[in-house]
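First to last, the sequence lines map onto chains A and B. Adding 5 to a residue's 1-based position in the first sequence gives its number in this note's numbering. Adding 199 to a residue's 1-based position in the second sequence gives its number in this note's numbering.
Simulated from the structure, these hints should not be mistaken for laboratory data. Even glycine gets a Cβ: it sits at the ideal position worked out from N, Cα and C. Any given hint could turn out to be false.
Here are the computed lysine-lysine pairs in the DSSO-like style, where the Cα-Cα straight-line distance is at most 30 Å [what the hints assert, rightly or not]:
| id | chain 1 | residue 1 | chain 2 | residue 2 |
| --- | --- | --- | --- | --- |
| 1 | A | Lys74 | B | Lys307 |
| 2 | A | Lys116 | B | Lys205 |
| 3 | A | Lys39 | A | Lys84 |
| 4 | A | Lys116 | A | Lys76 |
| 5 | A | Lys116 | B | Lys381 |
| 6 | A | Lys237 | A | Lys259 |
| 7 | A | Lys84 | B | Lys210 |
| 8 | B | Lys381 | A | Lys76 |
| 9 | A | Lys84 | B | Lys381 |
| 10 | A | Lys199 | A | Lys39 |
| 11 | A | Lys39 | A | Lys21 |
| 12 | A | Lys199 | A | Lys116 |
| 13 | B | Lys307 | B | Lys366 |
| 14 | A | Lys14 | A | Lys84 |
| 15 | B | Lys307 | A | Lys84 |
| 16 | A | Lys39 | A | Lys14 |
| 17 | B | Lys366 | A | Lys21 |
| 18 | A | Lys21 | B | Lys210 |
| 19 | A | Lys21 | B | Lys307 |
| 20 | A | Lys84 | A | Lys199 |
Cβ-Cβ distance ranges computed for the label pairs, FRET-style [stated by the list, open to error]:
| id | chain 1 | residue 1 | chain 2 | residue 2 | range |
| --- | --- | --- | --- | --- | --- |
| 21 | A | Ser149 | B | Ile214 | 25 to 33 Å |
| 22 | A | Arg129 | B | Glu336 | 46 to 54 Å |
| 23 | B | Ile214 | A | Ser152 | 17 to 25 Å |
| 24 | A | Ser152 | B | Glu367 | 32 to 40 Å |
| 25 | A | Phe25 | B | Leu325 | 53 to 61 Å |
| 26 | B | Leu320 | A | Arg129 | 46 to 54 Å |
| 27 | A | Ala212 | B | Asn360 | 54 to 62 Å |
| 28 | A | Pro65 | B | Lys205 | 21 to 29 Å |
| 29 | B | Leu228 | A | Lys84 | 45 to 53 Å |
| 30 | B | Glu367 | A | Lys39 | 27 to 35 Å |
| 31 | B | Lys210 | A | Ala212 | 47 to 55 Å |
Stretches of chain A that chain B covers, calculated by requiring three or more beta carbons in the stretch to come under 8 Å of a beta carbon on chain B [claimed, not checked]:
| id | segment |
| --- | --- |
| 32 | 23 to 35 |
| 33 | 76 to 89 |
What follows is the residue order along each chain.
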Amino acid sequence: MTTPLLEVKNLAKVFKQDGFEINAVRDFSVSVKKGDCLAIVGESGSGKSTIANMILGVHPPTSGEIHFKGKPLSPRRRKNERRVLQLVQQNPYSSINPSRRIGATLKLPLKVHGIGSSQDRPGRVEELLAEVGLPASYARRAPSTLSGGQCQRVAIARALASQPELIVLDEPTSALDVLVQARVLILLQELQSKRDLTYIFITHDLAVVRNMADRVAVMRDGQLLELNPTGKIFENPDHNYTRSLISASPVITKKEIKLREKLKAGLVRER
Amino acid sequence: MQRTAKIILSKPLSIIGVILIALVILSALFADFITPFPSHRGTVVDFSNFNQPPGWPNIMGTDLVGRDLFTRIIYAYRISLILGIVVLLLAVPLGVTVGLMAGYMGRKVRFVLMRMTEVFLSIPPLVLAMSIMGVLEPTLINGMMAVTVMWWPWYSRLVYNLTLAEKEEGYVLAAEVIGASKLHIMFIEILPNCFPAILTKMTLDLGFVILIASSLSFLGLGVQPPTPDLGSMVAEGARYLPDSWWLTVFPGLAILVAVFGFNLLGDAMREVLGTHQ
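Given these sequences and hints, build the entire structure.
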């Protein structure tokens, strides 16, 4: 068996505040193969984002290990350890600095990781914008002139800029309206196959999970309830909680399916 | 720019503020050309013409050694503005750096920096400046230093609070995930989002710095004669009230005009930049 791209072993996080201890994540283990998409689902406060932050090295885990390509990641991440793991956040308006131009935002990862010379960075920014379906002129624009969907595309371009191998998508579509959601998801799927990316997709939207994920981890109160292939989760879940999650999610209408087909055919372009 | 002009011109008080400040700054800049007796800013003595009430050519009267009061007030504006600007140029970068570090770095850095800030804030400002000036020689440079020492903590507290809020924004997390340095995150990512509030406070403060500097020199701890200074002019004239009223009233009015103008302008800035601190 080949080594998984990312292996998380017995990860736990305890937050201490005013003498209280909160077990945000308890004994979480999972491994992700290269090119896979692992979905982590669960309600708010179930520890999904805490796991994401530990994988990305924002918070050190209380206990447990994170291995990338078979090697343990250091608690204080080195630059090249940060480069390969990137993030797309939920709120595109907050994740893009309002006082910097789009070009400057996209240049940051290039500068930090010394990708390309300073002369060819504007060119690279244009390529990144093109990759997420935005015109090159957007590099000179301020974030306040962009729509939510466009901001999220910029955030995706920024995550791609450092040429990562794994991207954590932390509810990347839940702040967007339905039409824009669909377009962003299609873009994410295209990028995954084109760049051979591995995704960890954090969401509470099960309709999205069915489309994107290869495997699903279901979380509740910081604990992993079940980890199964997407097909099994939707047809025959092991856990009652998973069943109640699925039954609570809205059903896709025929109209939406039609729209999705149309989008996939590339008939509707975002501008 | 158009939006800025529109907001300022829509309020009569803002217009008054802009006019007052323009008058103060322009008269200070072109003092050599608009004052009738430019040499009177220094040690000129004209006993044939001393302590004259307002008239012609001394529209605000003359002081106890016969110097034109109007001339001296305009030159005093020049000193006050230079002092105010220098104080802010020293205090703002210091306070901003301390505030950013206290807000963004870890708990220990915050503890040390904010306790230090609070110690400075807890001493009544004028008392702090007076004690510094009491120890040092009363010169313009030392006056600037004294006012700077009491001024920077206000900026560090302002920026500290702004940083605490900004640090929760997604763009800070994004920069951390990318691996940007703490310096980059503090000064390139967070600081620009604090500029509107800092600029507003600077405009308001320019008036207060002038007021405090005048208070110091009123107490004899500021700029020394013969350099013209509004505070020491008021102090000198106070002994001859109410007979020689012009000696105190005009320098006093001059202080009022500058402080009032900067306050009105600061309020206008607050509107324009959308900051409510």
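Structure-based check of each hint:
1. A:Lys74 x B:Lys307: With a Cα-Cα distance of about 36 Å, the restraint between lysine 74 of chain A and lysine 307 of chain B is violated, given a limit of 30 Å.
2. A:Lys116 x B:Lys205: violated (40 Å)
3. A:Lys39 x A:Lys84: holds (21 Å)
4. A:Lys116 x A:Lys76: OK: lysine 116 of chain A and lysine 76 of chain A at ~26 Å, within 30 Å.
5. A:Lys116 x B:Lys381: Roughly 15 Å separates the two Cα atoms, so the pair holds.
6. A:Lys237 x A:Lys259: holds (23 Å)
7. A:Lys84 x B:Lys210: Violated, because 52 Å separates the two Cα atoms, which is more than 30 Å.
8. B:Lys381 x A:Lys76: holds (26 Å)
9. A:Lys84 x B:Lys381: Given pair lysine 84 of chain A, lysine 381 of chain B holds - Cα atoms ~13 Å apart, limit 30 Å.
10. A:Lys199 x A:Lys39: The given pair, whose Cα atoms are some 13 Å apart, holds under the 30 Å limit.
11. A:Lys39 x A:Lys21: violated (35 Å)
12. A:Lys199 x A:Lys116: holds (24 Å)
13. B:Lys307 x B:Lys366: holds (17 Å)
14. A:Lys14 x A:Lys84: Holds - the C-alpha atoms of lysine 84 of chain A and lysine 14 of chain A are around 23 Å apart, at most 30 Å.
15. B:Lys307 x A:Lys84: Holds - the C-alpha atoms of lysine 84 of chain A and lysine 307 of chain B are around 25 Å apart, at most 30 Å.
16. A:Lys39 x A:Lys14: It holds: about 17 Å lies between the C-alpha atoms, which stays within 30 Å.
17. B:Lys366 x A:Lys21: holds (20 Å)
18. A:Lys21 x B:Lys210: Since the Cα atoms of lysine 21 of chain A and lysine 210 of chain B sit roughly 51 Å apart, the hinted pair is violated (cutoff 30 Å).
19. A:Lys21 x B:Lys307: holds (17 Å)
20. A:Lys84 x A:Lys199: Measuring from Cα to Cα gives roughly 25 Å; hence the hint holds.
21. A:Ser149 x B:Ile214: 25 to 33 Å: Between serine 149 of chain A and isoleucine 214 of chain B, where Cβ atoms are some 29 Å apart, the hint holds.
22. A:Arg129 x B:Glu336: 46 to 54 Å: violated (59 Å)
23. B:Ile214 x A:Ser152: 17 to 25 Å: Between isoleucine 214 of chain B and serine 152 of chain A, where Cβ atoms are some 38 Å apart, the hint is violated.
24. A:Ser152 x B:Glu367: 32 to 40 Å: For serine 152 of chain A and glutamate 367 of chain B the Cβ distance comes to about 23 Å; the hint is violated.
25. A:Phe25 x B:Leu325: 53 to 61 Å: violated (45 Å)
26. B:Leu320 x A:Arg129: 46 to 54 Å: With Cβ atoms ~47 Å apart, the hint holds.
27. A:Ala212 x B:Asn360: 54 to 62 Å: At roughly 41 Å between Cβ atoms, asparagine 360 of chain B and alanine 212 of chain A fall outside 54 to 62 Å, so the hint is violated.
28. A:Pro65 x B:Lys205: 21 to 29 Å: violated (51 Å)
29. B:Leu228 x A:Lys84: 45 to 53 Å: This hint holds: roughly 50 Å between Cβ atoms.
30. B:Glu367 x A:Lys39: 27 to 35 Å: Given a distance of about 34 Å, which is inside 27 to 35 Å, the answer is holds.
31. B:Lys210 x A:Ala212: 47 to 55 Å: holds (52 Å)
32. 23 to 35: violated (count 0)
33. 76 to 89: holds (count 4)
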